[in-house]
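K.L.:
What follows is the residue order along each chain.
There are 2 protein chains.
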Amino acid sequence: MQVVQHYQQLFEAYRKSRPFGGQPEGLYAPVNYIMDLGGKRLRPAMALMGYGLFQDEVQPALPLAYAVEIFHNFTLVHDDIMDAAPLRRGKPTVHTLFNTNAAILSGDVMLISAYEYLLQMQPKERLPEVLAIFNRVAREVCEGQQMDMDFESRQDVSIPEYLRMIELKTAVLIAGCLAMGATAAGASQADAGRLYAFGRLSGVAFQLQDDILDTFGNAEKVGKKIGGDIAQNKKTFLILKALEIAPAAEKNRLHDLMHGKETGEATKINEVTSLLVQLGIKELAVREKNRFRDLAMEELGAIHCEEARKVPLRELAEALIDREF
Amino acid sequence: MQVVQHYQQLFEAYRKSRPFGGQPEGLYAPVNYIMDLGGKRLRPAMALMGYGLFQDEVQPALPLAYAVEIFHNFTLVHDDIMDAAPLRRGKPTVHTLFNTNAAILSGDVMLISAYEYLLQMQPKERLPEVLAIFNRVAREVCEGQQMDMDFESRQDVSIPEYLRMIELKTAVLIAGCLAMGATAAGASQADAGRLYAFGRLSGVAFQLQDDILDTFGNAEKVGKKIGGDIAQNKKTFLILKALEIAPAAEKNRLHDLMHGKETGEATKINEVTSLLVQLGIKELAVREKNRFRDLAMEELGAIHCEEARKVPLRELAEALIDREF
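Chains as they are written, first to last, in the working numbering: chain A, 1 to 325; chain B, 1 to 325.
Worth flagging that the hints you see were computed from the coordinates, not collected in a lab. Among the hints, erroneous ones may be present.
Stretch by stretch, here's where chain B covers chain A in the computed footprint (C-beta under 8 Å, at least three residues) [to be verified]:
| hint | stretch |
| --- | --- |
| 1 | 101-108 |
| 2 | 133-140 |
| 3 | 145-156 |
| 4 | 302-309 |
Even glycine gets a Cβ: it sits at the ideal position worked out from N, Cα and C.
Chain A extracted, bound-state conformation (with noise of 0.2 Å):
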């Protein structure tokens, strides 16, 4: 984990010296804000270890990191408007904070100002390929946050656009980054076009990871109340699998559950668990998670860099995906 430590106060470093200034400050206040409210800096590192597959030295691609981790910030603002909801890490969401015309328009400079870092990297000739990959994979974090929203009013949801879904929605940006990183820092498209693979098949894993611990997790390690999704009727990948396997008195039992009028929240989620441990469903899903896993590391294993530099970042997603917190 040293090389990811290392990375992250590199990065760290190069954002703090680059905050957002000038005026109108109705506009660069919020931005501030929220980019100041931390995280794990996952991306930026992530844009980082692509770059250090190929190269010795990575503060070039710091730029590179900075849009990345500036992007999936607007998409936290924007997001948080459209979720209504009131605390992200913690703390008042921006639109909370300020009002919601102000994150709207904090949001929509944020992403201007990715595209602004995007266009410091070096070297220029590797410029359109990396906006290639930024635009696309920002498309499509939209049309998965658009499916997110859709499939809330939806009860015919099947596994595979659930998997859609999550891939589109956070997978995607994990891959780009990666791929973003190597492709600046002159991999082969081939290679850039593996390590996409790996970062889509690894943001999946760690996706479903989330379903496992916010339903199976140990609250006091995740550092949150568990049965979340269960209460607000999310259609994850433990309940879609669970409906498409239950004999039919389970499938109506969780259906009334879920929509009828219980006796209250925690035996609504003691109730849904255990029905889901009845049908195995923890097991299922953990096989589905290292499926993707699996597939995730063939794709890192023909990258061609040297080995070794490969190290960090395979023990970074396994730690990400077995993650217990």
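Given the coordinates of chain A, work out where chain B should sit on it, guided by the hints.
P.N.:
Frame of chain A, contents of chain B only:
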């Protein structure tokens, strides 16, 4: 005007053959709706005219022209949310017809699409310069919108601040379209800079004419109710100039009319307009507009290209700045 019409036809044919498609429909239907709503297509025409100053055939600039029109419509979609506007070009706004979430997210994907079309421009070695202009202008348009919103709650807006706001909100995009077209066509930085200045100064003159027509226009020619700015207490150039030069009595009267509980809207519009006439504001506004127009024409005159090629651009700018509709 034949050149302009020719460019607009070229652009419309290009645009219509490239609708936004694909899934999810909830994301792209609002985009097609706003793009098909019409409008003068002034900004793509400017991009093509900037290109046409230096090249015989403007077809290579069509992706750039599309990019700026998509960007402009993105700003309309988000601005209409922020301004809570029910109508746009006489039709329901996107957030009214669909919903606010759709308007936010579809606007986001439009901004990304603008960059996708920018990336298609040729020749690729000019891309960094064109992108740099686009990024700066896009950021400034956001800054202008923020200033405009800030002005609503401020009582001490100065005329230089107002001119800066309309420059950022409207003029820099016109200027950027011209400069990006010229840059893509191989113009020198100096000539692209003069063309940018021409667009910026013309854009401010255009916006001043907007202020003049809203109060002193002919309702039949303008095609809408006269006095809307006064009714809404908008701090236009006319009002700010009046507050600057009026003797104490008239200044108080203007304040009372704007903030007091007067008889009704029609009376308010009549009384404020009379006061503006009495103070000679229309003449001062026309003089200011002409000052910007003359400065713009000086910049156009200094550009190094065939003089004949400047004629359509000069005629269009003059027609727009002195329009009565």
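K.L.:
Which numbered hints does this structure break?
P.N.:
Failing hint: just 4.
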